[in-house]
Amino acid sequence: MARFKTVEHTADIGIEVEADNLEELFEGAALGMLSIIVDPSSDIGRGIEVEVSLEAGDIEGLLFEWLNELLFIMDARGVLLSVFQVDGINDLHLEATVRGERIRQGEDRLMTEVKAATFHQLVVEKRGTWFARVIFDV
Amino acid sequence: MRLMIEGLKRISEYKWEMPVGFKEGMRVPGTVFANEELIEAASRDRALEQVANVAMLPGIVSASMAMPDIHWGYGFPIGGVAAFGRDGVVSPGGVGFDISCGVRLVRSDLREEDVRPGLRDLLAVMAADIPRGLGMGGKIDAPQRLLRKVFTGGARAVIELGYGREGDLEHTEKRGVYEGTDPDRVSKRVYERGGNQLGTLGSGNHFVEVQVVEELFLPDVAGAFGLEEGQVTVMIHSGSRGAGHQVCTDYLKVMDRVVNRLGMELPDRQLACAPLDSPEAADYMAALACAANYALANRQALMHWVRRSFERHFSSPEETLGMDLVYDVSHNTARMETHLVDGEPTSLCVHRKGATASFPPGHPELPPAYSKIGQPVIIPGDMGTASYVLVGAETAMRESFGSTCHGAGRTMSRSKARKSIRGRELRERLEAEGILVMAGKDSLLAEEAPEAYKDVSRVVNVCEGAGLSRKVARLRPMAVLKG
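Chains as they are written, first to last, in the working numbering: chain A, -8 to 129; chain B, 35 to 517.
Okay, chain B solo, but in the shape it has when bound:
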């Protein structure tokens, strides 16, 4: 039996169109990349309505899109991609509070058998080295002068302080630094919140995970990324912390006033936005770049402590252990990018909220090492199954403004997960499967249980089927340090 989702038209196996008439006021159609199971999951809450709401924003180009890991967010759906032309808008709600939240993957020359015997000790060393959880200040005291450097210099600013190597920048999106910043466009409150949280993991779904490369799908591409089967990797998932949250809160209020002043009618107040050619949009883009740089610096510092933990545990310098950065990607962003619109190269403001850039070989944003291969796309899964490394695909430039998914996507609310899953049992079950987990509280562990998420393998398979990215490697968790 073929699945029918009311109001949606199936264009191909992995692509559904939401016609302009789906909801009154839509300026462009919606496009959802999903298979039957994932579209059915998306239709169970209000995620599809949110795709329609985004399609109502002025100046939206082509379509309001959703990646296969779509779920109900606030304002934009999580997994939403929307691009705006010169007559369009920028919306802080289209980026979210955790600006430039993202993932980095570190490779190593270690094999699973090198790490497995002392894994519990390694996890304990990492837990001691990496500031995490609620109420934990960082180890870097960042007064205003340093914060200004971080806001303008991104990962480079902390590498200059000794947190990492110059070469890490070549393997970070935007070479580790977002341009177009203005540290005077962020409020005093952003400086206050950013001061003691630099180099902290945070909580919720943020984590540091020791993994093993379980399977290669494209061995040549994996080789170019420095990955091989049986090798140990470390994945870091964190964002811009309180500094980013405050930038979003500040500019939501600014945009809310713009909406009132211009008499714009929006289906959801969280979609507050400003015309791209307005001073408010310019200020937000400059502040957004500052917060994105904070996130890059944060993950850079976190990686530094991961390397230090491995050095201490293995009594060997991290360079000897081959702990090179594979890549760092952000999945909550709005960036000016050039895309073909009706065959013409056009400057667009591309919002990705819970979506990752997926640039193909030859894309100008790629560092030389990956220019012939394509962009590494790092996809964190849930802690019980797998994470993935993908590579950007040419089709994504035509289909999704060079975007793909960002993770598994939640399917169960946090409170329901807490009620139906016991944290301690979950920890024991994972341990029996060879996955050590350390979390602040067992009850919070339940919120992040594998069953609270969609199957990440299905999500990345749909991305591959839709031509948004190709699978390179699957990574199996060995030890998880939860925020």
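Just chain A, with the same shape it has in the complex:
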């Protein structure tokens, strides 16, 4: 199980995530980002399923791609995501299945608009366990 916490930044907000393996780290980062966007007490359905397949030139780049991909699914496709299952990360290629439900007009579960995951202070590294830090533009 990944553990995440939000970190302070004057204008924006970040997350730090720890996990035993890369897949869980990426899942944890997604949950961390979701905790900024959505009221934590919310109940979100999982009726819509989206397959995600991504690649990047390095592992930080892959995390950047992953989180921005999820923001795109939510913003452009109008899906409020709740379940993030990373099926595998191999050779900087990620396969995942994410689930959620349609965002409703006048939605009251949404708290903060995350515009994007940034490259600023972006870290993915193995420190015994895996660690990641991401700063978001909110």
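Don't read these hints as lab results, they were simulated from the structure. Just so it is clear, CB atoms sit at the ideal spot from N, CA and C, and this is done for glycine as well. Among the clues, some could well be false.
[To be verified] Quick list of the computed label-pair ranges, beta carbon to beta carbon: (1) A:G119 - B:E299: 24 to 32 Å; (2) A:P31 - B:D376: 51 to 59 Å; (3) B:S46 - A:N81: 57 to 65 Å; (4) A:S33 - B:K406: 50 to 58 Å; (5) B:G41 - A:P31: 38 to 46 Å.
Using the hints provided, position chain B relative to the given structure of chain A.
Using the frame of chain A, we list chain B on its own:
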């Protein structure tokens, strides 16, 4: 006692120099416009280091600058200004995700006493008319064909659909249209995100605010802007929405590859950039102009609904209410501009991230109505105190590539604000002070509490002291519709 900030040299009352040795790799010095209090605030987080990081970018001209509302951003500091010559770069991180985020100010012939009695109803009408908040689609369905028109035609594209008057363009930066666009340089994803968000306010620090002109500092200039004491104005703060965010995300990846290919060493990956003469830079500048046009069209449509709300509330056409646009300015931009470098007119790519153009009288970008007066600079403050109208100053052309501040600047993180301030109490406190606030959630209101921001009056005073702009009018909030 004189304040010492380690590594900085005080040049004058409102100007601090960061010598090239402040951080290894700086190509030019840094310049921070601030008084003692504001420089001390900037030194508390990593904003000054970000000024130094920007000074390391290739081809930066003169200095890496920061306006008095500087605070820690990602990549560039918020309040950062940097200009690049022919051998320089363009950086999407130097503009930010909310491309061309900005402010427009609408005047009216209404007085405070005309609006105060029915203010709560007016706010409710505006709340019903203006799409805002998260997950709210817009009222304009914008299929690809219309989006292409918006990307190339800016505010003009939506005025042609009936959202406003032709005359509004004369009072918008760039006459409402950024040139040099190419709608094929934006991805399919930009079209997808832009499709249902045109004419939406968004959330966070975006707002529509009914205000009253509380004090005039330069009555003649205020008069030329159509402003007088006691008059009601409306300020709109929004940007390019998901379309702009996606343009930035797309081109950060492009620039990241350029950096790797060229073997550039950057102190922060978010500063990813490309040489101005590269095809990637040309593509980004064309896409940036498209997103900037989307932002102009967005604020134009929002203003249209503000006018409709006033029409409905006062049962009178908006023209009769005198609801003319004063000006529209963007504060997240990168634009090619001509500035004097060593006495020679030089074409520069000026990045302003949380900074506003501040052009003096006679500047070629000014519309005829303001050419003898100078550019109106619209500065949103926090919702509890004041906002300002400034005017561009000649000194700004010498000191800051024609730039000044963009707002109050945050001083408290959003999570800290949420923990220390209760939204409902804040709303009640503001109401007791005569400021009605409507927000999606009270908890989110706390993030935007006045105490989370620096004192905007100090910021604009420093800008005036440093010669970057002059104060024209102070506007007091009456009713705030938060995104």
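Results for each hint:
no.: 1; hint: A:G119 - B:E299: 24 to 32 Å; verdict: 29 Å, holds
no.: 2; hint: A:P31 - B:D376: 51 to 59 Å; verdict: 57 Å, holds
no.: 3; hint: B:S46 - A:N81: 57 to 65 Å; verdict: 58 Å, holds
no.: 4; hint: A:S33 - B:K406: 50 to 58 Å; verdict: 56 Å, holds
no.: 5; hint: B:G41 - A:P31: 38 to 46 Å; verdict: 42 Å, holds
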